[in-house]
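Engineer: Listed below are the residues making up each chain.
There are 4 protein chains.
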Amino acid sequence: MRDGRATRQKIHQEALKQFVEKGVAETTVRDLAHAAGIAEGTLYRHYESKDSLVWDLFSSNYKVFAQQLTAIQKRHPNFPARLSATISEFCRFFDDDPMLFRFLMLTQHQALPRVENDDDNPVEVIQKMIVSAMKRGEIAKRSPGLAANLLLGLVLQPAVGLVYGRIKPPLSQYAETITQACLRVLKV
Amino acid sequence: MRDGRATRQKIHQEALKQFVEKGVAETTVRDLAHAAGIAEGTLYRHYESKDSLVWDLFSSNYKVFAQQLTAIQKRHPNFPARLSATISEFCRFFDDDPMLFRFLMLTQHQALPRVENDDDNPVEVIQKMIVSAMKRGEIAKRSPGLAANLLLGLVLQPAVGLVYGRIKPPLSQYAETITQACLRVLKV
Amino acid sequence: MRDGRATRQKIHQEALKQFVEKGVAETTVRDLAHAAGIAEGTLYRHYESKDSLVWDLFSSNYKVFAQQLTAIQKRHPNFPARLSATISEFCRFFDDDPMLFRFLMLTQHQALPRVENDDDNPVEVIQKMIVSAMKRGEIAKRSPGLAANLLLGLVLQPAVGLVYGRIKPPLSQYAETITQACLRVLKV
Amino acid sequence: MRDGRATRQKIHQEALKQFVEKGVAETTVRDLAHAAGIAEGTLYRHYESKDSLVWDLFSSNYKVFAQQLTAIQKRHPNFPARLSATISEFCRFFDDDPMLFRFLMLTQHQALPRVENDDDNPVEVIQKMIVSAMKRGEIAKRSPGLAANLLLGLVLQPAVGLVYGRIKPPLSQYAETITQACLRVLKV
DNA sequence: AATGAATGAGTTTTCATTCAT
DNA sequence: TATGAATGAAAACTCATTCAT
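Chains as they are written, first to last, in the numbering used here: chain B, 117 to 304; chain U, 117 to 304; chain Y, 117 to 304; chain R, 117 to 304.
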């Protein structure tokens, strides 16, 4: 039914908001139902359990994002172009749907052990990009894990700063600056 | 009469471990009691509630760390020295007591709204260091919030990478690398 | 969907009985649930806490009774008529719902500090009746507090006597006797 | 030891205060210990249990008071004299040790079932006085239970009024008034 | 006698989930 | 599909009492 989709969408939206604001464990099914304007029992018409809602919300979006990053790698031939596009994608994502972005950041540490396929993990995609660039001599060779995390830090932490009001939105305006920072840090 | 100090210490230690491993909400008082080798009720002789244990653990340590960072600022006259010492301090803290460091990272987003005094917040201390360096022309002038978070990202994300096994311990071995990365990113 | 009203009513009824028989503190939520034939958790769908059940039971009924006494004052023009109707009302209340009456007597000393509006307090209503009668010269002038409590004693203590089996029910059969006693005590 | 007595006395005094102010069940052993300036465990050097403290406090004082009332009956030959002395005794008791008086009123409904000997129950003593007066034709014949409770109401309820500030202390100033009220109510 | 930390059984409360309507 | 009352297992918490010192 048409209405089923709308309800599901509403649940998604409000759940993300509540999860981000209060934390997943701190958000009760009652809270979710209230926020989505439905009865408690109704949630179970759309999801098997609260856990499955969380997992569904996480895995589908995490995967899609990872795949978008992977697509970017394929679209661009060399490291600087890839990096720039990748960082723009992170920023665009955050600006488009900050709640979703924050939810993924928030839950990844709990959910990550359940992500089976490496290709569905953005961190892994980044690290592969780094390894590839090292092999091609585009950036200095050293611990790929360290390099990947330095890069990630330069992207993710500004998002945190924005959440706390230390940085003005949108995040995208800093994409170029962040890209340059990455290049300097990882330079040959 | 038994020694209350020792019990308290044991609770601290095991609580940090459990909180980091399973998450705060996922750790029950029973879990804590078992791990600490005490009865459930005993925990309430030392803390008013589970919440107050979490808060006590967070605020006292968060504060102490912020104050250590502040002390470093006073001890060093110019930005490069301050930066280097600050990053070393982060790394040393992580290596010394990874559970505590991870606990602070884990809980800060829930607990930060309750931190009243700016001087007790490491992020604030970093940002002040940045502002001061900009005023003195030691680094390029731009959004202090952005600069502070770029710096923080370069420090904290490697810690995350280490937790996930993408980087080899100890973190301190990368202190110099991270410092150089910061200088490049923030350079005049 | 089951009928919440019926459950609530059942809780009321059994709670009054248990509270009066064993005392409020001595009655556990488990006791209440068993007596009402519901699960422990169900009670919390109807009341926020055991305390709020007690308070709700007290305040709503205390208030209604006070309002009935107030209505009686308005209905009758002079003191003897008011007094007679008031005492009949006390007796009728006791005979109609002894558990409720006893519950109010039992809990008033703990609950009274939380009653905010004077008009919701039967004792206050009685005292106002006394003051009014004194002004009109219907009874002797003296401390209204003393007069009100002499009157109250003549009404409430027989109820206690009945509970202990020292007096035969129903209480209403003594209404006229009690009224005459009050008139003699308060006479001009 | 001399100190043992003093501690016991202090416990008595503070326990009565706490019990009256908050209720017996609502007063914890911790509360008692704090108020009496002793450690929690110390209370068990003086009493077997909290219950036994309550019972000791109740039964010894209830009994003594009943015996004093009994002594009064023997000391005075006729009803008016007995009544007057009895009421004076109630008032004196209340004024002397209001906390103890209130404690006995508060706990009697819970404790009464454990009082074995009728002669140790003030209510019983009053009722016997009434019966005796009826036999001798000093007062009108009717239900002794009702008469006894009318009398008790005239004495006890003013004490309640005094606790609530509706009547000015001391209670003894109203002894004569109350006695007259009783005589009018119970008159031949 | 005194202490106060520790206990553990019992109590209140929470909340994801089920079920009758 | 939707509802919301009811459930019950598990969680947090309380507190009279015990025990090592």
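Check the hints yourself; a few may be wrong.
One copy or any two copies: either way a pair holds, since identical chains are not told apart in the list.
Stated by the list, open to error - Taking lysine-lysine pairs in the DSS-like style, the calculated list, with each CA pair at most 30 Å apart, reads: (1) 244 - 166; (2) 138 - 179; (3) 133 - 190; (4) 284 - 126; (5) 138 - 244; (6) 126 - 244; (7) 257 - 126; (8) 257 - 190.
These are calculated hints, taken from the structure and not from any lab test. None of these values were measured; they are calculated from a predicted model.
Engineer: Against each hint, give a clear statement of whether it holds in the structure.
Structural biologist: Right, here's what the structure says about each hint:
1. 244 - 166: Answer is neither: 34 Å inside a copy and 42 Å across each miss the 30 Å cutoff.
2. 138 - 179: both (24 Å within a copy, 23 Å between copies)
3. 133 - 190: neither (33 Å within a copy, 41 Å between copies)
4. 284 - 126: Cα proximity of residue 284 and residue 126: one copy only (28 Å, versus 43 Å across).
5. 138 - 244: between (34 Å within a copy, 29 Å between copies)
6. 126 - 244: neither (36 Å within a copy, 42 Å between copies)
7. 257 - 126: Neither, since 47 Å and 43 Å both go past 30 Å.
8. 257 - 190: within (22 Å within a copy, 36 Å between copies)
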